[in-house]
Structures are given as C-alpha cells and as structure tokens.
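Asker: Here is what each chain is made of, one letter per residue.
Protein chains: 2
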Amino acid sequence: MRRAMAVNLRPPTELQPVPGIRIGTAVAGIRKKDRRDLVVIECARGTRAAAVFTQNRFCAAPVLVAREHLAAAKPRALVINTGFANAGTGEAGRQDAVAICEALAQEIGTSATEVLPFSTGVIGERLPVDRVTAGLPNCVATLDESGWADAAVGIMTTDTRPKGSSRRGQIAGVGVTVTGIAKGAGMICPDMATMLSFVATDALVSQAALDALVRSAARTSFNRITVDGDTSTNDSCVLLATGRARNPVIDAPEGESYELLHTLVAGVFTELAQAIIRDAEGATKFITIEVCGGHDEDECVEVARTIAHSPLVKTAFFASDPNWGRILAAVGRARIARLDVGAVAIYINGVCIARGGARAPEYTEAQGRMAMAQAEITLRVDLGTGPATARVWTSDLSHEYIQINAEYRT
Amino acid sequence: MRRAMAVNLRPPTELQPVPGIRIGTAVAGIRKKDRRDLVVIECARGTRAAAVFTQNRFCAAPVLVAREHLAAAKPRALVINTGFANAGTGEAGRQDAVAICEALAQEIGTSATEVLPFSTGVIGERLPVDRVTAGLPNCVATLDESGWADAAVGIMTTDTRPKGSSRRGQIAGVGVTVTGIAKGAGMICPDMATMLSFVATDALVSQAALDALVRSAARTSFNRITVDGDTSTNDSCVLLATGRARNPVIDAPEGESYELLHTLVAGVFTELAQAIIRDAEGATKFITIEVCGGHDEDECVEVARTIAHSPLVKTAFFASDPNWGRILAAVGRARIARLDVGAVAIYINGVCIARGGARAPEYTEAQGRMAMAQAEITLRVDLGTGPATARVWTSDLSHEYIQINAEYRT
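Chains A and B supply the protein sequences, listed in that same order. Every position in the first sequence, counted from 1, becomes a number in my numbering once 16 is added. Every position in the second sequence, counted from 1, becomes a number in my numbering once 16 is added.
Honestly, the hints are just simulated from the structure, not real lab data. No residue lacks a Cβ here, since even glycine has one placed at the ideal position from N, Cα and C. A hint or two may mislead.
[What the hints assert, rightly or not] With the Cβ distance kept under 8 Å, some of the chain A side facing chain B (calculated, not the full set):
(1) Val138
(2) Met203
(3) Asn421
[What the hints assert, rightly or not] Chain A stretches covered by chain B per the calculated footprint, using a threshold of three residues with CB under 8 Å from any CB of chain B:
(4) 67-78
(5) 94-105
Bound conformation, chain A alone:
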C-alpha cells in the first residue's frame, strides 16, 4: 500500500561525515528486488562502541550475536540487512548471523567477533545467507565517509522517509561531529533502544563514559516513543566513538566535556526518535504527551504510556475529536500506586479541557476541536501531586495503520 505523508518530517539535514567511519551499501535482493537492503559500517581501528538492545525475551539471533561480539572485542564493522529479522529462528538463525559475520570479516581482513550483525524485517523466517554474503563485496567496494545518506535509505522497511541527524560542537576547543541514522515505523515501543539506530562521533571517550552516554541518551529519546506498544525483537541502538577528533579524552560520565557531548548525542537521538514517530505507520498526527505533577518520573512515564497505547485515545486523535473522557479513563487505569482524581488537569495545545478531575467550566468544544485539528499536538496531563515530569511521543491510530499491518507480508 502507498503510505501517506509522514507528519512534518523533512529530509535529513546534510549528514556530516564522521572521521574514522566509512559506509557502503548494496542492492542484494534479500527479500525484494531492486531495493537497497544491505549496509556495512566500517570503523577505524581503536573505535569504541556502546549499545543498548531490546528487552524482548525473544530477542533476535543477531542481537544475541552482537551482544557477545561487543563483549569480546572492539568492532571493526557493522553489517545490517533488511527483509528478514532473523528472529524466532532458533539455533539455525544464530548460525546464520555468525556466518554473515565470518563472510564480512574475511572480506575486510578482520575476525568474526569484530563484526556486529543487525537484521530487520519479517520475524520467523530464515535469512537467505547466500544472498547477504553475495552482496557484501559490493558494500565493501563502495565504502566511503559520505555514505550516511545511502545507509539511511538502505535500512528502511515500512519507513517512507530516510531518517538521519547530525550535530557539530566544540569540546575543549576541538570540533567534534555526531551523525546517526535510524529506521522504524511499526512494532515500535523500544524498551532499551529503537528498531535500529547507528550513531557515530569522532569524539575521544572512554568506554565507561560511552556506556553511560548511550544509556542516558536512549532513556529519554528512543525509550520514550511508541507507535503500537509492540516492543520489537530486534531493537538495537549503537553509538560508535572513533576518537579521531583528538580532544582531551572524556574519561567519565561527568564534567563539562561529557555534558557537551551528551547534549550533542541526545540531540541526535531525540531527532531520530521523533523522526520515527513522524513516519509511524499510518500516522496523521505527531503527539507529544507531557505528564507533570507526578511523584516520580516512572509514574509519569507509566501514565504517558497508558494514554499513548490506548486505541480509543489514538482513534480520537485520528478523528480530531477532543474526546477527553477517553484520556481521563486511560489515566484512571494506569498502573500507578496513587492517583488523586480530584487533582488531575488536562490541556491540549494549551487549552485547559479538564481540571479538578472534571470538565473545565470555561472550556468549549469548539476550542477542543481546533486544538485537535492540528498535525502537531501536545497533550499535557498534570497529576497535581508531585514535582516529577516525563515526556512520551506517539502517533494516532488510523485506517492506514490497519491496512499496512494487514498487508505487511503480502
């Protein structure tokens, strides 16, 4: 099916090369013909990597292998295929992932444990290893520092737009770059990361600081988006640091240089995460759910996610219907310990709809309809009981979502 427009998702800004990173792509015919479906990201010797992966217990074979390889060695290359997720494939799938690492290792003259594999696509079917390995020489032949834009296209599945982001900044007087790409449009409710995201910087960072950085930045970006509540089997987010900027090493997750790098990386992560929601399957609205006034952040996240996952709230957004009773009902069933229903207030794009647990006296349906008709909506729920706050981004639930997911494998 033809997908409609993504919600205010512009083409990626020019993706800045990251010294030490080269990228190559190929049309390997893995599941469909004439589609860029294979990507290799090569890292210079000495590049550090940190990653977060899906918390789904049925994690895919490449996730298992990437975790092991990451623990064993610094990576020299990442290989990413679309078409098949290589999840729910048991021991055979695991051997397939290892075979691909071995083929690429041979091609670039390194060892298999220095290669990290990633897959996305249909779950439960074997990956055609021969087609992947046949495409690897083409990837290697096209390796180039300027390959980011092609790679952003090469990892797409139901995405309608490539997703990329770059930031530049100064750390201790040295210019550094952060560039990343991501894909994903459905089965999106990352628990540690998004479907697939690869971000690189040339900053020099210790392993401890890099590990802290990827977790911290993912927590408030990829881990705060949801399309359908369905946490994927393949979610992976990798942050590479080549060290080529030769800044004074950032050796701990604290201090001014770390905070500067954190701002750059979190900026890229958040832009990529929001791009996934803007391009969510069937999305006609980009919705920011802000929950404030909670006892702690977890409580705010739980309330925001309960609203974001409600099919009734999501169809009301699709219909531009200010049906705030559905929002109230979602807040009321959220799994939190305490809720003071008389303290709750609800705002849509600044219009106060409910206060004290009931409709605001000055509210008019016309105001609500106008607010809900916007393509960008901020829903603010004030729990009125504490200082904590959290933000989650989501999409609406439309006919197109049903259509896409009813036809996904056809």
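We have chain A; now place chain B onto it with these hints.
Answerer: The following block gives chain B in isolation, referenced to the frame of chain A:
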C-alpha cells in the same frame, strides 16, 4: 456507521423470568430520540445483591453512589440509563446520580439508598436528569417479570445485538433460575466486571456466599475479555438473589449446592462475556487465547492479555495472516518474571506453528492461512514451564473499529 455482523452471535435464548424480579423500560430521549434508553429493575423485598465494579480510579459518579447504597441497604430497585456515562463529572455528577435515585424511590415508595444507579455512554458530559426522571413513570408502569428481553435492548450503546442468557437447574431438589443481561462493545477490558451486567437468580443464598459467588464467577468470565485494553469508568456487574425458590439456604461459598449454583451463574456470566466479544466494535473474528504451561495463573493471564492487546497481532487476525512472529514478540515482551524462550510452543486451531521457540519444521504457510481464515480461532500458547493455565477472549482490530471510534460522538 452501520456495524457489520457480530461474530456468530445468535439472539439470546428465551430469557426465563426470575421470581421476585420485575423489569420496566422507557424511551426517554436521553441523548438520541426514539431509542429505548432507560431501564428499571425492581427486586422483591429481601432480595440480596452482590456486585463488582470497575477498578478504574476515575470511576463514574453512579459507581460511587451504587457502592455506597449497596453498603447501606438491600436494594429494592436498579435504574440504568444509556447516552451519558456520568463519568468525569465531579461532585455535580454525583448529585445527579443521587437525584435520580430519589426520584425513583419516590415513584415506588422506598428510600433513595435502596436504589442503585447505573449509566453508560459518553464520558465527561452532564446527565440530563430531568429527561431521566421524566422517563421513570413509564418504566414503573411497564414493570413485569417478562421484561428481560426489552431491558437487554434498553441498555445497548454501540452494541449491535442484545445480550442475554438464562440457565435453569435443581438445587437440593428445588428448581432455580439464573437470568442475566449485559452490554458493551468497546472500551472493554473489565478489571472487576464488564461495562454493565445484571444477573438475577431466585436461589436463596446468604450474603457471604453471594459475595463470593459474584467475585469468583466474574474472575474467569468478564475479567477475561478484552476488546481494546481500555478499562471503562463504569464497569458494573450486579448479581441479585431473590430467594423465592425457597431452596435450603446456601450459607457459605462451599458445598454441593453452592457449586451447583456457581456452575449456573458462571455459565450465564461466561455466555454474556463471550457475547460482548462476539459483538465487539469492528470484530470479524472471535478469538480464544489459551495460555498453558505457566508457573501460575497470573502469569498465564498476563501473557494472554499481552497477546490480546497487541495491535499487530490483532491486525494479523483481521487479515487472516498467520504472522506468528508477532505472537512470539508479544509473548517475549509480556511482563512476567521468567520465560524459557526455548520451551514455547504456539498452536492455531490445533496447527502447531512454532515449537522450541522457533518455527515447527512440519508447518506450512497454507495450514496457517487455513486456520486463520476461520471466524472462531483458538490460539494456544504453551509456555512449557509449569502446570498453570488461563483463557482470555478477544476480537480482532479492523477498519471498522477505527471508523466506529473516530465517529463515536458524531
């Protein structure tokens, strides 16, 4: 919007009168014209009542009032309106519910605390009390033991079919009757009961036994269905026992007579709960999710509900697509303490699709498509780690669900 056919939902079998219960209905024009929208259920003096209500913190005003009245006195009458749910209406809504109880009490010569109020419909708008009270004399004028079928129609909202069930049996040599009605098609994920269900028996039962009975029967019927995961603000399930059968009193939740009555009541509850799923908004399939092999029942229920709430699994059912990877992914993200992914097996209408956490070697896509094309589907997930089992009923997610909920208030 015109609703499609409910899934294999036949008209209610003839609803048997319950001695001691009289029912009257009226067309009161509460929200729409020419619609039977007001029901009174009158109970003979001495009738005991037990009830379970929604666990949503934003419970509706009538739920608050019904809980209080039930604690204060044995009910002489129930009054049920559709059109407006009287939820999210604050203190004013509470006064509206009390005013309706007072009006009916005056009409039938009892006190307001002996009346239980129930409402269903749009959340967040005030109930037009004057229209409700104006309709009460018509309800009282039509009170009759044979009023069950009209009442089943009178409590409908987005339902396309009235829902009722009767069972008869012998307890200690005495014939007893259990008859009930229910409504609900969307915002269905009852946490203690369903949207609205009213069941009566003429059996003589102590209050303690009746309280145990309603909880036990609701636990494995209404509390095991879900359409959209959205627990309503108004869920109420009331079980009335008039005692007119004059059987030896069932005075505790144990023993042969209690078990016999439990079988009858649970039979009616389950038939009503399943009728709600068969008539779920947009439903084209009736899906039974059986999870076995769990450590305990809670674990099985959690896995079953995670599958039942997955938009991806629900759209696959709609499309008759045996996309079992989505089922596997839902099992993998369920919030349970332990999962042995290598022990999981999945069956659709008896066809083994996955075993040992991966695709079954003998499985063919053609078998899966044939199984998924049925209107009645049993999805069985064997966790392979323990003796526990649980069953949840749900519907698929179709274009019609979106359409209905995008247009609900128009």
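Asker: Each hint: holds or not?
Answerer: Hints versus structure:
{"no.": "1", "hint": "Val138", "result": "holds, 7 Å"}
{"no.": "2", "hint": "Met203", "result": "holds, 6 Å"}
{"no.": "3", "hint": "Asn421", "result": "holds, 4 Å"}
{"no.": "4", "hint": "67-78", "result": "holds (count 5)"}
{"no.": "5", "hint": "94-105", "result": "holds (count 4)"}
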